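All chains should be built: construct the whole structure from the sequences, respecting the hints.
There are 6 protein chains.
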Amino acid sequence: MFYHDRQLQYKVRVEKPNPEFAKLLQQAIGGVEGEIRVCLQYLFQAWNSRGPQKYRDMLLETGTEEISHIEMLATAVALNLEGASTALKEKMAASNPLVESVLGGKDPRHILSAGLGAMAADSNGVPFNGSWIVSSGNIAADMHANVYAEATGRVLATRLWEMTDDPGMKDMLSFLIARDTMHQNQWMAVLEDLGNVHPIPNSFPQSQENQQFNYTFVSTNINQEPSPHTRWTEGPSVDGKGTFTFMHAEPMGGMPDLSKPDPLTHAQTEQMVGREIPMADKSFIEKAKDVISGK
Amino acid sequence: MFYHDRQLQYKVRVEKPNPEFAKLLQQAIGGVEGEIRVCLQYLFQAWNSRGPQKYRDMLLETGTEEISHIEMLATAVALNLEGASTALKEKMAASNPLVESVLGGKDPRHILSAGLGAMAADSNGVPFNGSWIVSSGNIAADMHANVYAEATGRVLATRLWEMTDDPGMKDMLSFLIARDTMHQNQWMAVLEDLGNVHPIPNSFPQSQENQQFNYTFVSTNINQEPSPHTRWTEGPSVDGKGTFTFMHAEPMGGMPDLSKPDPLTHAQTEQMVGREIPMADKSFIEKAKDVISGK
Amino acid sequence: MFYHDRQLQYKVRVEKPNPEFAKLLQQAIGGVEGEIRVCLQYLFQAWNSRGPQKYRDMLLETGTEEISHIEMLATAVALNLEGASTALKEKMAASNPLVESVLGGKDPRHILSAGLGAMAADSNGVPFNGSWIVSSGNIAADMHANVYAEATGRVLATRLWEMTDDPGMKDMLSFLIARDTMHQNQWMAVLEDLGNVHPIPNSFPQSQENQQFNYTFVSTNINQEPSPHTRWTEGPSVDGKGTFTFMHAEPMGGMPDLSKPDPLTHAQTEQMVGREIPMADKSFIEKAKDVISGK
Amino acid sequence: MFYHDRQLQYKVRVEKPNPEFAKLLQQAIGGVEGEIRVCLQYLFQAWNSRGPQKYRDMLLETGTEEISHIEMLATAVALNLEGASTALKEKMAASNPLVESVLGGKDPRHILSAGLGAMAADSNGVPFNGSWIVSSGNIAADMHANVYAEATGRVLATRLWEMTDDPGMKDMLSFLIARDTMHQNQWMAVLEDLGNVHPIPNSFPQSQENQQFNYTFVSTNINQEPSPHTRWTEGPSVDGKGTFTFMHAEPMGGMPDLSKPDPLTHAQTEQMVGREIPMADKSFIEKAKDVISGK
Amino acid sequence: MFYHDRQLQYKVRVEKPNPEFAKLLQQAIGGVEGEIRVCLQYLFQAWNSRGPQKYRDMLLETGTEEISHIEMLATAVALNLEGASTALKEKMAASNPLVESVLGGKDPRHILSAGLGAMAADSNGVPFNGSWIVSSGNIAADMHANVYAEATGRVLATRLWEMTDDPGMKDMLSFLIARDTMHQNQWMAVLEDLGNVHPIPNSFPQSQENQQFNYTFVSTNINQEPSPHTRWTEGPSVDGKGTFTFMHAEPMGGMPDLSKPDPLTHAQTEQMVGREIPMADKSFIEKAKDVISGK
Amino acid sequence: MFYHDRQLQYKVRVEKPNPEFAKLLQQAIGGVEGEIRVCLQYLFQAWNSRGPQKYRDMLLETGTEEISHIEMLATAVALNLEGASTALKEKMAASNPLVESVLGGKDPRHILSAGLGAMAADSNGVPFNGSWIVSSGNIAADMHANVYAEATGRVLATRLWEMTDDPGMKDMLSFLIARDTMHQNQWMAVLEDLGNVHPIPNSFPQSQENQQFNYTFVSTNINQEPSPHTRWTEGPSVDGKGTFTFMHAEPMGGMPDLSKPDPLTHAQTEQMVGREIPMADKSFIEKAKDVISGK
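From first to last, the protein sequence lines stand for chains A, B, C, D, E and F.
Each residue of the first sequence is one higher than the one before, starting from 1 at the first, in the UniProt record's numbering.
Each residue of the second sequence is one higher than the one before, starting from 1 at the first, in the UniProt record's numbering.
Each residue of the third sequence is one higher than the one before, starting from 1 at the first, in the UniProt record's numbering.
Each residue of the fourth sequence is one higher than the one before, starting from 1 at the first, in the UniProt record's numbering.
Each residue of the fifth sequence is one higher than the one before, starting from 1 at the first, in the UniProt record's numbering.
Each residue of the sixth sequence is one higher than the one before, starting from 1 at the first, in the UniProt record's numbering.
Since the hints were derived computationally from the structure, they do not count as laboratory data.
Since we're looking at a predicted model, the values are computed, not measured.
A few of these clues could be false.
The list cannot tell twin chains apart, which means a pair is met if one copy fits it or any two copies do.
Below, a list of computed lysine-lysine pairs in the BS3-like style, where the Cα atoms sit at most 27 Å apart [claimed, not checked]:
no., residue 1, residue 2
1, K170, K260
2, K11, K54
3, K260, K11
Printed below as a string of structure tokens:
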């Protein structure tokens with residue numbers, strides 16, 4: 001279960017409110033790279049955790065920390081919006097041919113829907129979506145999802161860091177960037193701790209997978225260029241269980257062959273009549289229609 | 001640009017059509033772990049690729065291969081649905097108290113919307129969503145997204161493999177599982193090829209990130225339990241650039257302090273009046289209202 | 001900021017795992033009436049809170065409690081799924097014409113995507129959506145959103161209570177139903193505490209709203225039936241600021257009159273030529289096309 | 001069934017077209033606070049209505065009125081967009097370093113997709129979503145959903161009113177604000193008419209809910225601060241059926257205990273091996289793998 | 001503006017309630033082929049209509065009729081659900097190994113969320129989505145969207161007709177199928193009335209489109225098979241403005257050439273270093289990092 | 001299966017990068033009128049194709065060509081974004097009261113999420129959605145969906161053509177506009193080839209549809225205006241199988257009559273008590289509650 005403190009995990013100061021930056025910060029709250037995503041992802045992984053307790057514990061810790069990060073960013077959005085609606089109204093009154101775009105770069109819903117507060121949405125106002133939460137039941141797959149989430153999260157945070165000159169915002173972001181560094185390391189530490197994890201899942205017997213294509217790079221290049229001699233086309237595989245080879249793609253599956261449409265699905269009559277009948281022979285089609293309609 | 005062959009990459013046979021399995025296969029087509037996702041993800045990464053050409057080439061190759069996998073799975077869905085609508089109608093006629101659920105486990109839209117064909121949706125009929133496509137502009141972040149996608153994709157494929165006894169389906173899945181093995185290895189090979197990639201992005205100067213919290217495990221456990229002595233709480237960090245430490249969470253940010261609502265956002269008057277005024281003092285509120293309404 | 005305890009807020013026991021009930025429980029996790037919604041809704045309202053501190057405090061408390069409810073329900077889903085995949089596989093082997101629907105009533109993604117764990121989705125597998133989070137900046141509007149959320153949440157919980165005979169599940173639900181009772185009361189207590197809140201927002205001067213239609217019931221019934229003499233068609237209004245009246249709908253706005261299409265939007269030429277020109281006069285249309293194409 | 005008149009319910013005039021305001025108006029059409037939502041919500045509640053006829057009648061009336069409001073707003077959007085594409089093209093030709101943002105604040109799809117017309121989307125272009133429609137089968141829950149919808153709807157309308165100086169738009173909005181006043185009152189009148197409605201649903205026997213927690217405020221504050229002595233922590237409950245009390249949160253549910261992963265879900269082997277086995281004992285893991293793969 | 005009658009447009013009877021059929025009917029309400037879609041589509045096209053009045057009038061008429069169809073289908077869903085929850089509870093009590101799937105084929109939200117009523121969702125519970133509404137500003141494009149909508153709508157209705165033996169449901173569907181026949185004809189009649197509409201839009205000067213590829217079938221077949229001599233590879237084009245020809249696809253665009261990543265986007269350093277530098281030359285990379293980090 | 005060439009189908013040049021135009025181009029990639037939609041739509045129609053082989057072949061060809069168009073547009077987006085982040089940062093430093101909106105008209109995720117690359121989203125950042133893919137199993141319905149898709153696609157492309165003066169972009173768009181001309185013609189050629197296709201589906205016996213309403217225009221106009229004498233209210237129907245007539249809408253279905261709520265759904269008690277009991281008789285309601293709660 002969960003508790004809170006009324007204080008923030010780390011300080012959030014905004015020297016000069018900037019509603020455009022508030023819009024950018026939304027990506028770090030409700031975007032696919034954002035904190036709601038990692039928060040719920042780690043918590044669901046913890047709650048669904050089966051196997052050694054230490055992994056559940058760790059996931060619960062960091063999932064809980066991420067709630068505090070959503071809180072920090074939501075506070076940062078609210079502070080960046082202070083004064084925005086009055087400023088906007090004044091600007092609309094003063095608008096002239098040179099500066100017509102008074103709303104540009106701002107999220108209109110920050111005023112219209114949220115009254116100068118944060119939302120569970122990304123920087124384009126697209127709502128957070130639960131489909132982004134990864135909790136597969138396989139801990140190695142989940143750890144890769146987590147490394148990816150922290151990698152794109154840290155990329156996002158560094159881009160936000162570049163987009164502001166506000167010292168309070170830069171300080172807050174340098175804290176969040178540091179936490180992303182830690183969390184990337186943390187999920188990689190679990191993978192190291194788990195040992196030989198690849199190919200994921202490692203509980204499926206590899207003898208059951210097709211042995212001809214499990215370590216082969218397939219080139220679909222129509223010009224049939226030779227192997228580029230890269231790390232992924234020759235030499236031992238990274239998982240240490242095979243050897244990379246290179247081949248040109250070729251069709252091995254033949255032509256697909258579906259039956260004619262089931263009359264109950266009401267395709268066009270011409271589809272049911274089939275291949276061998278010339279489409280011009282309408283009398284045949286009429287007969288088929290009779291059969292279908294029960295005459 | 002792109003070309004096609006009318007033949008399939010690998011053979012797709014279904015001995016005994018099974019509309020319930022068709023529903024399960026949809027997860028591998030339009031689900032978050034499915035082939036539309038990886039196909040578009042690798043292609044967008046290729047098209048957006050900046051930097052060494054060999055990475056663009058590789059992404060284009062494998063993105064193209066994945067189109068062929070969507071095709072195989074779509075064909076498998078269509079074959080598993082053959083005869084389904086007639087069977088369903090017959091069963092509805094014969095339904096009795098013991099077996100009333102004739103539709104259960106089937107996707108109704110396979111008949112209603114697709115006429116016994118595949119759809120761009122998951123196993124619950126939830127449509128494919130473009131927000132799942134990761135192409136961040138940072139190749140190391142993208143590679144982790146790809147390893148994760150192939151890890152959950154292979155987990156999904158092994159689960160599907162368990163859920164069927166149809167030899168044709170098992171054969172097709174053993175091919176796809178093999179390809180997932182290769183692709184996991186392939187993206188890890190790129191990470192190895194890139195060298196020292198962590199923390200991602202490696203182009204942000206770590207001196208700018210908060211130095212106190214970039215290698216520290218923060219425990220939010222209310223019982224302040226001691227460090228569990230795990231790989232992620234002590235010893236060298238996995239990226240080789242720091243040392244893991246352990247601390248108990250504590251608030252460093254103080255209380256957030258937002259200003260009173262901007263009158264133009266039309267919060268309740270009582271919110272604007274503020275903290276220090278007793279709510280019972282209605283005359284004050286009335287005065288505030290006068291101010292707001294311009295009297 | 002936030003902390004956790006490894007123990008649950010209230011006990012979660014499942015005597016007989018039931019994957020169909022696990023599917024139903026998802027509605028209470030990731031559905032529009034579910035706990036992720038109220039959790040994030042109350043927390044965002046707290047984080048965006050402007051005005052008296054006591055409201056922010058209260059929202060933060062209850063938002064934090066709701067995280068513990070998601071945790072309880074996620075645990076309940078996981079426990080109800082125990083053994084499900086093995087049972088399913090055995091049933092598939094034994095399937096016969098009488099009992100063909102082995103998957104019916106179960107969420108296939110509980111196995112395929114979550115490995116027998118909970119998901120951030122509703123009982124049809126539709127993902128949680130951030131657009132459901134209400135935090136308007138007006139505390140009275142927010143409190144009504146909260147009463148509604150707890151009302152549909154409690155309706156949902158009582159329906160789930162009816163759908164199970166498992167004593168552990170009934171006990172857990174009777175706890176959650178009790179909390180919904182409290183939370184409904186709690187948000188109503190805030191409304192009472194705020195005093196005279198209607199019409200919301202009460203900071204907009206009512207003198208600015210149209211005075212003819214602010215307390216009038218408009219009947220759109222084509223048969224022009226007389227007033228039904230109900231609470232909402234006569235007598236004093238509930239907010240105490242007007243008197244209900246009754247009228248039959250009638251058009252007061254005249255015909256809308258849009259101009260012809262802007263040529264740059266490339267409507268059909270016939271739309272641009274306008275009303276007064278007979279469509280048959282193709283030579284005119286040809287001339288119009290010439291103008292458009294700059295001849 | 002339904003009829004129409006070619007005239008509008010209320011006049012819609014735009015003195016000076018403003019494509020930025022057209023974008024804002026979209027929130028009132030296709031946003032979560034908008035008219036499509038309330039229109040479909042009241043109509044579905046009417047169509048699903050079970051119980052006294054007078055409620056169905058009333059819902060049908062107001063649901064029908066709301067269609068006329070969508071029509072008014074769509075007309076307002078179209079009028080605000082008149083001339084927009086030509087103006088935009090001219091501005092692009094004249095763009096200079098000082099005024100580069102020619103599109104800022106405008107919805108690009110108003111030109112690209114709708115040809116200067118309204119869309120079923122919000123002010124960020126996010127499409128209307130059917131999940132917002134509340135029709136629970138419980139009339140008291142539905143009425144609270146309706147009060148909330150009209151409360152956020154009126155808040156939105158007053159914010160739009162502040163954002164424009166166009167007298168035609170201000171007049172139209174003052175009509176819509178008045179209707180929201182009426183509709184808030186109307187749904188509250190139904191709640192008053194229903195009598196003692198709380199806790200919702202009132203048809204569930206309260207004796208079945210947990211008696212210890214149905215009127216208790218649970219504080220999750222880690223600092224265990226004392227009761228704040230507010231309306232919601234002491235005194236009679238608002239529903240008149242209990243007494244508010246205050247307690248500090250404490251875990252009553254013990255540790256959750258999930259079983260090891262089902263082998264068929266293909267978790268990592270290390271998860272299945274369990275807690276008591278040192279991860280380093282790889283030979284054990286290898287044996288587990290043999291069991292899983294049927295050797 | 002709009003009016004209603006309390007009676008239905010056409011009779012809706014259900015002899016034997018069937019919750020599985022209620023689930024199927026949802027596709028015709030909130031699915032992409034359903035009545036909410038065509039209703040809002042025709043109304044938005046009317047409200048956005050620019051050009052001859054007769055088209056606006058016609059769209060308004062039929063858009064209004066479609067509201068009555070949603071009403072009929074919602075009523076049909078509610079009637080098919082009567083008794084469903086009691087039946088379900090009894091079945092759960094009697095469940096045995098042979099008939100375990102008591103929920104299969106039913107929409108759980110029909111009970112949990114809607115209390116045995118209809119929802120604004122499709123047959124898988126996926127919510128209606130406003131992105132399906134087509135109103136392009138070009139009347140010919142819109143008419144094609146409408147013919148398509150009525151075509152898939154009628155296909156859906158005939159499939160539903162096949163799935164039921166209830167005479168009341170068959171009668172209602174035969175009415176809706178008839179209306180779809182009319183509406184298909186109606187939109188085609190507009191296209192005929194408009195005259196020479198192709199290519200759409202006909203207001204763009206065809207002299208501005210690439211003249212080499214506007215009537216050429218491009219074959220991407222890797223085997224370079226000869227022209228199949230079909231209606232679409234030779235002979236006059238259907239719009240009467242060109243002649244179909246046939247060619248094999250070939251790349252005319254050269255290699256795409258993007259610049260190196262902008263340092264501010266924080267790609268990996270290795271991407272910025274560029275093509276010509278061997279990845280192994282780490283000292284160079286280190287230098288690049290120094291530049292980036294401002295050393 | 002599929003192959004690729006590293007070269008583009010047609011040249012993509014950008015003389016002066018313009019991030020605002022990059023945002024507009026997104027509509028043609030991930031919007032409902034865009035290339036991902038038609039690409040997947042034609043491919044799914046091909047893969048699900050039942051009936052004459054020539055239709056499958058054609059769909060596969062054009063579906064494959066559309067992948068090349070996504071590629072071209074993604075490249076165009078990336079080229080239009082070159083230099084954008086540096087320019088933005090410089091502008092932010094120089095921002096002044098006259099030019100405050102530095103982000104306006106740009107998609108913030110082009111920098112934040114995609115690192116100056118293209119995304120699978122529309123011009124408002126709303127993700128591509130799989131629900132847009134039409135593959136109904138009826139080839140005539142599918143062809144109308146395709147004509148509609150190419151019609152709105154060509155309308156979009158001409159609008160984009162108007163919005164740019166960059167010669168490279170105009171050239172690329174004139175190629176895409178030409179291809180849309182061809183594809184519109186191509187799908188119409190299939191309809192011509194199929195012969196007498198209406199009403200769709202033509203395999204449902206028209207004798208089973210309601211004979212009174214299948215060729216009648218229903219006017220919902222409350223003023224009962226006479227027939228407008230248009231192509232769709234009189235004369236032979238377009239499908240040649242009926243004669244258009246005109247009627248005024250009238251209710252034929254009587255009042256809907258749903259039963260009282262099922263107690264297990266926990267409606268309010270007052271709904272269950274029913275119509276004939278005065279709401280004021282609370283003692284009756286109390287008795288009803290006793291019955292429900294089992295006293």
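Compare the structure with the hints numbered earlier in the document and write down the numbers of the violated ones, lowest to highest.
Failing hints: none at all.
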